[in-house]
Amino acid sequence: MSENTGAMTWEPYRVKPGTVGKALPGVEVRIAEDGEVLARGAIVSPGYLDDPERSAETFDADGWLHTGDIGSLDQDGYLSILDRKKELIITAGGKNISPANLEALLKSLPLVGQACVVGDGQRYLVALLVLDPEVAPGWAARQGLPTGLAELAAAAEVRAELERGVAEINGRVSQVEGIKKFAVLPDEWVPDSQQLTATMKLKRRGVLSAYAPVIESLYAD
1 MSENTGAMTW
11 EPYRVKPGTV
21 GKALPGVEVR
31 IAEDGEVLAR
41 GAIVSPGYLD
51 DPERSAETFD
61 ADGWLHTGDI
71 GSLDQDGYLS
81 ILDRKKELII
91 TAGGKNISPA
101 NLEALLKSLP
111 LVGQACVVGD
121 GQRYLVALLV
131 LDPEVAPGWA
141 ARQGLPTGLA
151 ELAAAAEVRA
161 ELERGVAEIN
171 GRVSQVEGIK
181 KFAVLPDEWV
191 PDSQQLTATM
201 KLKRRGVLSA
211 YAPVIESLYA
221 D
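Just so we're aligned: 143 in the numbering used here is position 143 of the sequence shown, and the numbers increase by one with no gaps anywhere.
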């Protein structure tokens, strides 16, 4: 961030995979109650020029920069970035959940190419799953199934395989993070589309808009 002079943490020698290092000398880093990463020190800007309202949103009275990232610090002070705060799902019960973590787990399933977890303001989480266009047809051929993605999305065998995978993932996360229902979409998400950016990042708003009826059906108890 330019607000912290482009630097906050670094550890070039004792690297811990999955982390972005420890706070630089003279820099304080802590995690707020809602999981947001905060930083304070000489590298942090005092605010935006001639924009006190925006400054108050980003820099608090104690000098802490609110980065907008959700993260965690381990016992050695190494920082891990988990998600963006604006991406957090807040359930009806008030629980803050990082969808990116769950989506990464879902995409680790062999048949899944893309995933979007939904649940903001809801009692439970659901997921939209897109089959991997390279892996799923090969798997289907070995099972004696049609290899078209649209046909596979509706196949009972695919559903059963994904149910096993989702159940295994649910056993690795907390109860509130568990995926209660999911839909297998007959589409392929491609770069620079309503669903994905050119660099294959999820366009959450676009997905929620495109598949609103599907999401609604998952919550139709």
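Think of the hints as simulated: they come from the structure by calculation, not from any bench.
Any given hint could turn out to be false.
As the list claims (entries may be wrong) - For each label pair, taking beta carbons as the anchor points, the in silico distance ranges come out as:
id : residue 1 : residue 2 : range
1  : Asp60     : Asp192    : 33 to 41 Å
2  : Pro46     : Gly94     : 27 to 35 Å
3  : Ser55     : Lys180    : 36 to 44 Å
4  : Ile90     : Ser209    : 18 to 26 Å
Claimed, not checked - Straight-line C-alpha distance at most 25 Å; calculated PhoX-like pairs for lysine-lysine:
id : residue 1 : residue 2
5  : Lys180    : Lys85
6  : Lys16     : Lys95
7  : Lys181    : Lys107
8  : Lys107    : Lys86
9  : Lys86     : Lys201
10 : Lys203    : Lys86
11 : Lys16     : Lys85
12 : Lys95     : Lys181
13 : Lys107    : Lys85
14 : Lys181    : Lys22
15 : Lys22     : Lys107
16 : Lys203    : Lys95
Please read these numbers as outputs of a predicted model, since none were measured by experiment.
Glycine included, each C-beta is placed from N, C-alpha and C at the ideal position.
Any hints this thing doesn't respect? Which numbers, in order? 6, 14, 15
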